[in-house]
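Let the hints inform the model, and build the full structure from the sequences given.
Respectively, the protein sequence lines represent chains A and B. Basically the working numbering = 1-based index in the first sequence + 127. Basically the working numbering = 1-based index in the second sequence + 127.
Hints listed in this document are in silico derivations from the structure and should not be mistaken for laboratory results. Nothing here was measured: the structure is a model prediction, and the numbers come from that model. Treat each hint with caution, since some may be false.
Distance condition first, Cα-Cα at most 25 Å in a straight line; then the derived DSS-like pairs of lysine-lysine [as the list claims (entries may be wrong)]:
| no. | chain 1 | residue 1 | chain 2 | residue 2 |
| --- | --- | --- | --- | --- |
| 1 | B | LYS293 | B | LYS307 |
| 2 | A | LYS293 | A | LYS131 |
| 3 | B | LYS131 | A | LYS174 |
| 4 | B | LYS131 | A | LYS131 |
| 5 | B | LYS293 | B | LYS313 |
| 6 | A | LYS131 | B | LYS313 |
| 7 | B | LYS307 | A | LYS174 |
Number of protein chains: 2
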Amino acid sequence: MPGKTDPAQTRLTELLTLLPQLEEEEENLNSRLIGRYLGTSADSIRKDISRLDRGDRNGSYRADKLADDIRASLGLDREVRACLAGLGPLGLHLMEYFSESDDVALTAAFDGKLNRMERLDVPVKLYPAWEMEEIIPRLQIGLGIIATEPEEARKTYRRMVRGGIKAVLNLSGYYIPREKKGPAVKNVNIGAMLLELLCRLS
Amino acid sequence: MPGKTDPAQTRLTELLTLLPQLEEEEENLNSRLIGRYLGTSADSIRKDISRLDRGDRNGSYRADKLADDIRASLGLDREVRACLAGLGPLGLHLMEYFSESDDVALTAAFDGKLNRMERLDVPVKLYPAWEMEEIIPRLQIGLGIIATEPEEARKTYRRMVRGGIKAVLNLSGYYIPREKKGPAVKNVNIGAMLLELLCRLS
DNA sequence: CGGTGTGAATCTATTCACAGCA
DNA sequence: TGCTGTGAATAGATTCACACCG
Numbered sequence: 128m129p130g131k132t133d134p135a136q137t138r139l140t141e142l143l144t145l146l147p148q149l150e151e152e153e154e155n156l157n158s159r160l161i162g163r164y165l166g167t168s169a170d171s172i173r174k175d176i177s178r179l180d181r182g183d184r185n186g187s188y189r190a191d192k193l194a195d196d197i198r199a200s201l202g203l204d205r206e207v208r209a210c211l212a213g214l215g216p217l218g219l220h221l222m223e224y225f226s227e228s229d230d231v232a233l234t235a236a237f238d239g240k241l242n243r244m245e246r247l248d249v250p251v252k253l254y255p256a257w258e259m260e261e262i263i264p265r266l267q268i269g270l271g272i273i274a275t276e277p278e279e280a281r282k283t284y285r286r287m288v289r290g291g292i293k294a295v296l297n298l299s300g301y302y303i304p305r306e307k308k309g310p311a312v313k314n315v316n317i318g319a320m321l322l323e324l325l326c327r328l329s
Numbered sequence: 128m129p130g131k132t133d134p135a136q137t138r139l140t141e142l143l144t145l146l147p148q149l150e151e152e153e154e155n156l157n158s159r160l161i162g163r164y165l166g167t168s169a170d171s172i173r174k175d176i177s178r179l180d181r182g183d184r185n186g187s188y189r190a191d192k193l194a195d196d197i198r199a200s201l202g203l204d205r206e207v208r209a210c211l212a213g214l215g216p217l218g219l220h221l222m223e224y225f226s227e228s229d230d231v232a233l234t235a236a237f238d239g240k241l242n243r244m245e246r247l248d249v250p251v252k253l254y255p256a257w258e259m260e261e262i263i264p265r266l267q268i269g270l271g272i273i274a275t276e277p278e279e280a281r282k283t284y285r286r287m288v289r290g291g292i293k294a295v296l297n298l299s300g301y302y303i304p305r306e307k308k309g310p311a312v313k314n315v316n317i318g319a320m321l322l323e324l325l326c327r328l329s
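Next up, the structure:
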């Protein structure tokens, strides 16, 4: 019952990230087309969008308006400050990735290996991992992204919790158990996703 | 209706990837505990496992037996050959990650930049991207993992399709639209996942 | 007791079907 | 005609409740 996963909300966040791409490569949008990109039925897309209650947009969808309406409906107005832990290959990838995001301001990055940090030329302020607890509240960071090795994920998580983080996106592959009174946690496991795909082959 | 996502199957694949971790850090397993790791109710976990129809295992769960039963039930017996496209930071991360997998044999990796490839010391045979179409059928590769830049994802996908790939896990951030008669596609977008988390903060 | 397994009840999501609009 | 919006119908998943086992 905890990590609630409302399918409509999931689709809408996907649609939001899909819209820029659609704007580039499609003339005009409709529910069937969007469904094809998102792997759902046109019906679901229509229902999701209609429930958005935007001032009566008539006829077909416009990417820019849709984006605004989705943001408004999901409460994605204010930008949230985030930090990233782990600067291996995955961390570096995410650093680039999120540097361009509108929804998240990547404000700090952490790693345990100092020498690794010194070499890096990146657009975000870097700190040693043990300063997390202090930096997170000071910079008012609400969201933590874990991209460490699995072995370090738990410790990293604890540091974030002690820093008062509100939500954690954990891409390390280690499963962080949910705890009452703890932050919202989303464990993403690429191996599991791959297995799910494999099931469809059988 | 296409990209069907059976929640029970999703949980079971997650559980399968979770089990090694549980084996390390928990004495004995029960549904509530598993639910805490997976962000679901104990009820769902019990139901999922009971439907596994294993020869009457009595009482509490054993990690090794569970893994076997889940594999059998999901048809994850035979190992599938996979290839990876894109050897930037994300690709390198995945290369390491999947090298250790039991379910997938990473058999080839591709990149468009030759100089990038020459520098790499990796445990998988590397090929230039334009050979995909030829290599995939020759090595009987069934699954493609896309870790390229978004701009190159579409072209990469087309090459995989022409090579006869059966399933695609696409981590580039670009959304590949589903096409009838095409392979199974799973688009994973980290930005969307992050947005979903942000929604929970509001 | 603290746990599992499982029908029955509930709650949620998807699909259907069609009216209404450009 | 081709698409959206939406109630009604269906299908599906989760939760409840309780019998049963070690």
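Cross-check of the supplied hints:
1. B/LYS293 with B/LYS307: holds, 13 Å
2. A/LYS293 with A/LYS131: holds, 16 Å
3. B/LYS131 with A/LYS174: Between B/LYS131 and A/LYS174 the Cα gap is close to 18 Å, so the pair holds against 25 Å.
4. B/LYS131 with A/LYS131: Roughly 19 Å separates the two Cα atoms, so the pair holds.
5. B/LYS293 with B/LYS313: Holds. B/LYS293 to B/LYS313 sits at ~12 Å (cutoff 25 Å).
6. A/LYS131 with B/LYS313: holds, 21 Å
7. B/LYS307 with A/LYS174: holds, 23 Å
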